[in-house]
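Participant: Letter by letter, the chains look like this.
There are 4 protein chains.
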Amino acid sequence: MSWNSFGRLFRFTSWGESHGPAIGVVVDGCPPGLALDEAHVQGFLDQRRPGTGKNVSPRQEPDRVRILSGLYEGRTTGTPIAMMIENVDQRSKDYAGLPPRPGHADAAYDAKYGFRDPRGGGRASARETAMRVAAGAIARLIIPEVTVTASVAELGGEADPERWESLLDEARGNQDSLGAVIECVAEGASPGWGAPIYAKLDADLAAAVMGINAVKGVEIGEGFAAGRASGRASLPLMQASGIDGGIATGHPIRLRAAFKPTSSIGIGGRHDPCVGIRGAPVVEAMVALVLADHKLLHRGQCG
Amino acid sequence: MSWNSFGRLFRFTSWGESHGPAIGVVVDGCPPGLALDEAHVQGFLDQRRPGTGKNVSPRQEPDRVRILSGLYEGRTTGTPIAMMIENVDQRSKDYAGLPPRPGHADAAYDAKYGFRDPRGGGRASARETAMRVAAGAIARLIIPEVTVTASVAELGGEADPERWESLLDEARGNQDSLGAVIECVAEGASPGWGAPIYAKLDADLAAAVMGINAVKGVEIGEGFAAGRASGRASLPLMQASGIDGGIATGHPIRLRAAFKPTSSIGIGGRHDPCVGIRGAPVVEAMVALVLADHKLLHRGQCG
Amino acid sequence: MSWNSFGRLFRFTSWGESHGPAIGVVVDGCPPGLALDEAHVQGFLDQRRPGTGKNVSPRQEPDRVRILSGLYEGRTTGTPIAMMIENVDQRSKDYAGLPPRPGHADAAYDAKYGFRDPRGGGRASARETAMRVAAGAIARLIIPEVTVTASVAELGGEADPERWESLLDEARGNQDSLGAVIECVAEGASPGWGAPIYAKLDADLAAAVMGINAVKGVEIGEGFAAGRASGRASLPLMQASGIDGGIATGHPIRLRAAFKPTSSIGIGGRHDPCVGIRGAPVVEAMVALVLADHKLLHRGQCG
Amino acid sequence: MSWNSFGRLFRFTSWGESHGPAIGVVVDGCPPGLALDEAHVQGFLDQRRPGTGKNVSPRQEPDRVRILSGLYEGRTTGTPIAMMIENVDQRSKDYAGLPPRPGHADAAYDAKYGFRDPRGGGRASARETAMRVAAGAIARLIIPEVTVTASVAELGGEADPERWESLLDEARGNQDSLGAVIECVAEGASPGWGAPIYAKLDADLAAAVMGINAVKGVEIGEGFAAGRASGRASLPLMQASGIDGGIATGHPIRLRAAFKPTSSIGIGGRHDPCVGIRGAPVVEAMVALVLADHKLLHRGQCG
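As given, the protein sequences belong to chains D, Y, X and C, one line each in that order.
Residue numbers for the first sequence follow my numbering, beginning at 1 and rising by one.
Residue numbers for the second sequence follow my numbering, beginning at 1001 and rising by one.
Residue numbers for the third sequence follow my numbering, beginning at 2001 and rising by one.
Residue numbers for the fourth sequence follow my numbering, beginning at 3001 and rising by one.
This is chain D alone, in the form it adopts within the complex (with noise of 0.2 Å):
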């Protein structure tokens, strides 16, 4: 078990540096007979693109992705799914000789392993989440009965999407950026997905979702304000969390994720004023790895 995997039956082991000639995924534990080709797995990439809008970064990758293995005749065939997308637009020359970046993972990086890739975040950069929103799109073959949707909650402390547009501008005046709460609702997932004490529902959510790049805090259902609350005051909230001891209850599957503002102001590269915005197809990206992962083991066990 080693750091570049994720899941339990439903694995995916992702690779690649953001400034090398391809970054890749290879997904494990796929069942059998599902119909699948690139278009499907394009569509959601393209929702997380970069350049796509004045708020992300302008970089220009078409993100093509080509499936490799474990189809025939547009069906997986249950052997690994490996995908890959070339790195076209690799402008390393802009990171050359910069010395660790602060807020970025650089001199951690220094720290773990003696020396680094300086070119881009290298395996930090947000271009290694492209790989996560693809293995999101096989996860989602397999719990077609679940809908995972992800948006934007919260931006710069403001929950008032009106007033959104004028804050990224603003942000974007002041060479500033903006931190973002993602807010994702999964409907559909069966009573008795998950499992009780180490590999919770709600911890392996947690776990996928801290994981995204920038986020520094996830709540589940009620979250922090039942941290905050009495029990007479939150037990109606409780009722309609969605997971109950590590297990689906049925009812819709609540999240938040804290991303913290773009870290890179004032400094070298090419990065968005809100990396939040871009976050929301990742959060659900994970959040379908998660559940499709226990739909399985759920049937592995109990089925």
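Keep in mind the hints are simulated off the structure, nothing from the lab.
It is possible that some hints are incorrect.
Unchecked claim - Ranges of calculated distance between the beta carbons of each label pair, as one might list FRET restraints:
{"#": "1", "chain 1": "Y", "residue 1": "E1187", "chain 2": "C", "residue 2": "E3187", "range": "41 to 49 Å"}
{"#": "2", "chain 1": "D", "residue 1": "G157", "chain 2": "Y", "residue 2": "H1251", "range": "23 to 31 Å"}
{"#": "3", "chain 1": "Y", "residue 1": "H1251", "chain 2": "D", "residue 2": "V185", "range": "29 to 37 Å"}
Unchecked claim - Counterexamples of contact, computed for chain D against chain X with all Cβ distances above 12 Å:
{"#": "4", "residue": "P21"}
{"#": "5", "residue": "G29"}
{"#": "6", "residue": "P31"}
{"#": "7", "residue": "G33"}
{"#": "8", "residue": "D37"}
{"#": "9", "residue": "Q47"}
{"#": "10", "residue": "R66"}
{"#": "11", "residue": "I142"}
{"#": "12", "residue": "T147"}
{"#": "13", "residue": "T149"}
{"#": "14", "residue": "E165"}
{"#": "15", "residue": "D293"}
None of these values were measured; they are calculated from a predicted model.
Idealized CB from N, CA, C, for every residue including glycine.
Given the coordinates of chain D, assemble chains Y, X and C onto it according to the supplied hints.
Facilitator: Relative to the frame of chain D, chains Y, X and C by itself:
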């Protein structure tokens, strides 16, 4: 990889129901040669023991731990360390014939397993957390250079400790209960512990803490405040967060956990008015377990 | 993933030294609702119990197993099943002050861990295998459609059972010991169990059986005979081997394990003249464990 | 933990079908700072390459490996190393419309997955083993102090190398094929590598080697000869076996693998008269992978 184990290289597996004959834990992967006796573990267990104050459940368990393997002449041998606590006070009649209790995991267990041990909380009981504390006591031997301290930061939304006693009295009088926010600080983790991508130190900590009964939210470092801030405002905070890109920086690691209020108000059984108070030693244990595991993992790959 | 666990979805973790207070095992991932009591497990343990014949070690252990968790009213609950046997006959003085014994793992433990519990074989004792038999008894509940039977095929190189008794008498008289080949046949495994590439049914069986003390060789199906044959000659054999490409075909699965002779001849302690005889129930247990695990895995991915 | 990964701390995941666009492998857990280039990996691949002699399949694949990640300026960075080989010679029409072939895994795949990629052997093709050789080339960087050498010990039951050429000519003339026994010796493994009980070095080696296509038997050290011997006769052998109680002793580790004859005699496709000949580099690779993994594991727990 099943449901009742936690950890990668340093790994523990807990077992037992609150109203069965005993509960226990097997700790695997502990390095050899560490000084250990039952008193060391007992000391940590006594901190979380019920019946030691008016604010925690009056159930009287001596919680006397026995170490059954993995020791020779007071030192660990590198083989699995089995620990067990007999359940001497099992008033399961308190629960006989009770329907699934709202806010407990009863209905979720029914959905998952088809039938369920109705006595006490079964595996979902807070009693299982004693074994996490016992395992955490072993973990601390591996990281003697690290101090891990958790304490109540907020109680019922109140951050001023002087108000807590009266809030608890009030809740008890009303047969109500209170949520809590527990803060944990770990000092002394070496730069380099952790891993990028899917075994991030912060993601592992989030899973560890979210897996504790009643926890509904986890923040690392600046947490949700960062999700509500601008980059300029949060930059100073970020430099002190202790984890960057999933890897320890050498600065203190800070996290907060939101414990929801006890859900058993007005129902049978014996329970705490604020489970969060007893949650602090469990948070400490889980943080120690994750750090010990990552110390060994880092030594394995980069040592 | 540590050293004392075995299995993927259905997983057990054993603990305990032969001369400590007890040995035990925690079985995790067992489906709920299966009828189970201590007598079922005890029946399998009694088959391998020492002291039941002149050809096995005279150590007298009642080997009385207790089930401590995971059961409610005679059925499994889906939570971990902890089992324990107290060591009532611990003559560790037999071993006190002995130097590392050739053919035992003593020197290897010294090399690995730096120091070692010198009493009996510690973890390396054949006594640990009792817990594999106990776990195997649970595994059999998951695969009631499969019969797993192991027996002696050769003793000291002799395949004719009528010669075995006199060979054993002769060995005992000479303070010598004998190797054995154990054959195991599993009938009833469904076509499809297993997996290609790195979780092949035959590879998992090989690991399971090679991990038994004293086993030095494993053959699946036609085994080494196939390595010495031509394709035309072996084609009929291959069609009946029970596993193809790592996946069960539905035909009986056959394997053989080579047990080396007891290594303790002429040294202190109490030992069997032929450990292979007692190895048969352990081989059966390990085969049952692998098949149960793969049944659940197959149901998880392809169910 | 899924089906297409191998290893614990040092872990690789392979993907790809013999007649798809490419095959590949992701190696995770490699320590940072090791000198690596494509030529190093290519050298090992060339040893197993088809089309390099009259005794191996005439399929002409350049098998040109590309390293896509995990390298910076000729050194490993500690992040995943992805390698890929494009399949330039995919004559899948050779196989179109063929029914399941006896001795291949075709029927087994049908049973498991319900449908199957009929082109070539799919995942079960010997071509997948190229990725094990590529991963093994990385493993060797971790254990430069160890030499791992595998070679043919018997061919068609004949141990005298001078007879092999004529046996092969004869088999080819008869459209027959031959089994082989491959012997592998690893020198330089440090005492202490390995683990008792369920991650024994010999059990991991058995799984690694039994998982190679066409292998039907594995022996460690004295192997089946020990199962047919007496203790007095085998004691000298045992002291030189290289593994005791699952742990390396520091002596050379010896194992043998039985490869069954090619099963495709008289059917379509292109195949080797003796797959065992090409199996030797794969056995070497798998042994190197297990030893590298256990070196890291030992350093993690006992370093």
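Participant: Would you mind marking each hint as holding or not holding in the structure?
Facilitator: Hint-by-hint comparison with the structure:
1. E1187(Y) with E3187(C): 41 to 49 Å: Given about 46 Å between the Cβ atoms, the range holds.
2. G157(D) with H1251(Y): 23 to 31 Å: 25 Å, holds
3. H1251(Y) with V185(D): 29 to 37 Å: 35 Å Cβ-Cβ, so the 29 to 37 Å window holds.
4. P21: 26 Å, holds
5. G29: 6 Å, violated
6. P31: 5 Å, violated
7. G33: 9 Å, violated
8. D37: Consistent with the label, D37(D) stays out of reach of chain X, its closest Cβ about 21 Å off (over 12 Å).
9. Q47: Check passes; 28 Å lies beyond 12 Å.
10. R66: 22 Å, holds
11. I142: Non-interface label on I142(D) violated, nearest chain X Cβ at 10 Å vs cutoff 12 Å.
12. T147: 23 Å, holds
13. T149: At about 27 Å from chain X, T149(D) clears the 12 Å cut-off, so the statement holds.
14. E165: Correct as stated: the minimum Cβ-Cβ distance to chain X is 46 Å, above 12 Å.
15. D293: Non-interface label fails for D293(D): nearest chain X Cβ at 10 Å, not farther than 12 Å.
Hints 5, 6, 7, 11 and 15 from the list above are not met by this structure, while the remaining hints are.
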